[in-house]
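Those protein sequences? They're chains A and B, same order as listed.
First residue of the first sequence? That's 2 in our numbering, and the numbers climb one at a time after it.
First residue of the second sequence? That's 2 in our numbering, and the numbers climb one at a time after it.
It is worth saying that the hints were derived from the structure and are not from the lab.
Where hints are given, some of them may not hold.
The list cannot tell twin chains apart, which means a pair is met if one copy fits it or any two copies do.
What the hints assert, rightly or not - Keeping only pairs whose Cα atoms sit at most 16 Å apart, straight-line, the calculated EDC-like set for lysine to aspartate or glutamate is:
no., residue 1, residue 2
1, Lys180, Asp201
2, Lys275, Glu286
3, Lys271, Asp182
4, Lys180, Glu286
5, Lys275, Glu90
6, Lys298, Asp182
7, Lys257, Asp36
8, Lys275, Asp240
9, Lys180, Asp36
10, Lys257, Glu132
11, Lys180, Asp209
12, Lys257, Asp182
2 protein chains.
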Amino acid sequence: MIARVALIGLGTMGPGIAARLSRGGLAVTAHDTSDAAVERARAMLPVAGGALDRLGVEPPATGAGEIRFAASIAEAVDGADLVIENVPEIVEIKAAVYRAVDPLISAQTIVATDTSGIPISGLQGHISHPERFVGMHWSNPPHIIPMIEVIGGERTAPATVAAIRDLIRSLGLLPVVLKKDLPGFVENRVLYALLREAVDLVERGVIDAEDLDTCVSWGIGYKIAVIGPMALLDMAGLDIYRSVSSFLNADLADRKDISPAVEERFAAKKLGIKTGEGMYSYTPERIAALQADRAGKLIAIRRILEGRA
Amino acid sequence: MIARVALIGLGTMGPGIAARLSRGGLAVTAHDTSDAAVERARAMLPVAGGALDRLGVEPPATGAGEIRFAASIAEAVDGADLVIENVPEIVEIKAAVYRAVDPLISAQTIVATDTSGIPISGLQGHISHPERFVGMHWSNPPHIIPMIEVIGGERTAPATVAAIRDLIRSLGLLPVVLKKDLPGFVENRVLYALLREAVDLVERGVIDAEDLDTCVSWGIGYKIAVIGPMALLDMAGLDIYRSVSSFLNADLADRKDISPAVEERFAAKKLGIKTGEGMYSYTPERIAALQADRAGKLIAIRRILEGRA
Chain A
2 MIARVALIGL GTMGPGIAAR LSRGGLAVTA HDTSDAAVER ARAMLPVAGG
52 ALDRLGVEPP ATGAGEIRFA ASIAEAVDGA DLVIENVPEI VEIKAAVYRA
102 VDPLISAQTI VATDTSGIPI SGLQGHISHP ERFVGMHWSN PPHIIPMIEV
152 IGGERTAPAT VAAIRDLIRS LGLLPVVLKK DLPGFVENRV LYALLREAVD
202 LVERGVIDAE DLDTCVSWGI GYKIAVIGPM ALLDMAGLDI YRSVSSFLNA
252 DLADRKDISP AVEERFAAKK LGIKTGEGMY SYTPERIAAL QADRAGKLIA
302 IRRILEGRA
Chain B
2 MIARVALIGL GTMGPGIAAR LSRGGLAVTA HDTSDAAVER ARAMLPVAGG
52 ALDRLGVEPP ATGAGEIRFA ASIAEAVDGA DLVIENVPEI VEIKAAVYRA
102 VDPLISAQTI VATDTSGIPI SGLQGHISHP ERFVGMHWSN PPHIIPMIEV
152 IGGERTAPAT VAAIRDLIRS LGLLPVVLKK DLPGFVENRV LYALLREAVD
202 LVERGVIDAE DLDTCVSWGI GYKIAVIGPM ALLDMAGLDI YRSVSSFLNA
252 DLADRKDISP AVEERFAAKK LGIKTGEGMY SYTPERIAAL QADRAGKLIA
302 IRRILEGRA
């Protein structure tokens, strides 16, 4: 049974993951090499906790688990049943963490990576017990989105996949187990397919960014939130899908490289919210208002989707 | 000003469109060559009206507009300021309607097509006043989704696009004006890009249909409903998108033909809900329960997205 979790790397996802695991009764020990990341995480934990309160996520009878911050990887993984690696998406950085963790853990400890799409089979070679290594891809924001992808690599034991799947279920969350290990897994492959076409349409001047967002949020997001893609095919009719895809598939974007619209903004350091400009422009006040508005809507909608509104 | 609307072709979208226009105070005269389609529409109107009640869509002070069923195209278009063509997605069927309507309407009457993606420039050649011809693509279910694409063809007058955009706004709905006319417009291009990858993943055995739906509904639909694709790029950071798309774009599905998973089901007459089997299997009870559940969730979520919950 998994009771103690070490979280290595706090970054964007760390505070939400720690808050959610703790709310499920697990003891979490977190470590990050950056003091700033630790300070940010400390500040974010009550925010994530507040969102969990509004989502109605109650701790088990045993109570919420403790969250501690450890000064070293060794301290973080001491006694852990599960180590979750959440460091930047660069193989060498991840491999260094696995090599550091490897001599400190027992053969029973599961090591999970929160990579958003680096294949597991390549990563698990950096650890002595690849059969205990698995992908556990949380969706951002991790304390609000209840779905987690579980990905075994070539050498991952089925029991390891099952243990993570069962842990996710025991938290009241939704594990989605992939049967193959491929770049981007499922969530990001489908998202990047959507984004490839969407960016292309804006770049080609077919539609303004704001109208694209209105169109896709209402015409696709809102609908797909309630009716998944396969269910939507059944609703529209496979004959209709067949007829339209017979000419439309050949006309869709299939760019293999990076969109020039993205390259230009990258070169101009227009990276989005973090630089105040990207596809849109932002003021600090606007960012704060957007974040509060989006979190509030996601929380209210999740209760409806779960039939608890 | 547009006060009287003729709706030619009832099909799937007709009853919802008629109900929504009527609720906006417009007088609607509808015609379909199929008596069965008219009977189905009569039965559906109170259902759509009930959904509009639950959405809080009030009629204007002048009251809801009358909905009449006409025995002929001539009777339907008599005195209409706007004709909405909603017949099957076959150019020859649409062209026959335009030719029938053409001698019956004034030069001021706007003719709009609800095609879901046939370019407007090709369709408008079948009518004497192509400058008064425009695309008005409602999203299904049309009484529930508030976004409507507006598409001008090469010969559409800007004033015609503006008139339809203003009509949509006056109804309290969200017009999205395209700046170019291309197959699938924006909504269906982005949806088909998403579906191309999703179908491919299920077909390749990466994930079961049900898990795919869970993953995409929560990881993409739920999020995109609140945060449009361009806003999501800004939230994730264009540097992150650039880094991932630099390798992932080249690995995504770019099938030009119809997916074998779809062809096989089509050949076996497994077309979805209407045949009781498609990507999933259905009983009549299950279909009724799904429809009620989905409509209820869409209505509740729309109120949240509009800040009215």
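Outcome of the hint check:
In this assembly of identical chains, lysine 180 and aspartate 201 lie within 16 Å of each other by CA distance solely across copies; the values are 14 Å between and 31 Å within a copy. In this assembly of identical chains, lysine 275 and glutamate 286 lie within 16 Å of each other by CA distance solely inside one copy; the values are 13 Å within and 50 Å between copies. Taking CA atoms no more than 16 Å apart as the test, lysine 271 paired with aspartate 182 passes in neither setting, with 33 Å inside one copy and 30 Å between copies. With identical chains, the CA atoms of lysine 180 and glutamate 286 are never at most 16 Å apart, being 44 Å at best within one copy and 31 Å at best between copies.
With identical chains, the CA atoms of lysine 275 and glutamate 90 are never at most 16 Å apart, being 18 Å at best within one copy and 45 Å at best between copies. Proximity of lysine 298 and aspartate 182 under a CA criterion of 16 Å is satisfied in neither setting, with 33 Å inside one chain copy and 33 Å between copies. Taking identical chains as interchangeable, the C-alpha atoms of lysine 257 and aspartate 36 are never at most 16 Å apart, the minima being 38 Å within one chain and 50 Å between chains. For the homomeric pair lysine 275 and aspartate 240, the shortest alpha-carbon distance between copies (10 Å) is at most 16 Å, but the shortest distance inside one copy (45 Å) is not.
Proximity of lysine 180 to aspartate 36 under the C-alpha cut-off of 16 Å is found in neither arrangement, the shortest distances being 38 Å within a copy and 49 Å between copies. Neither within a single protomer nor between protomers do lysine 257 and glutamate 132 lie at most 16 Å apart by alpha-carbon distance, with minima of 34 Å and 38 Å respectively. Taking the closest pair of Cα atoms, lysine 180 and aspartate 209 come within 16 Å of each other only across two copies (8 Å); inside a single copy the shortest separation is 38 Å, beyond that limit. Proximity of lysine 257 and aspartate 182 under a CA criterion of 16 Å is satisfied in neither setting, with 21 Å inside one chain copy and 24 Å between copies.
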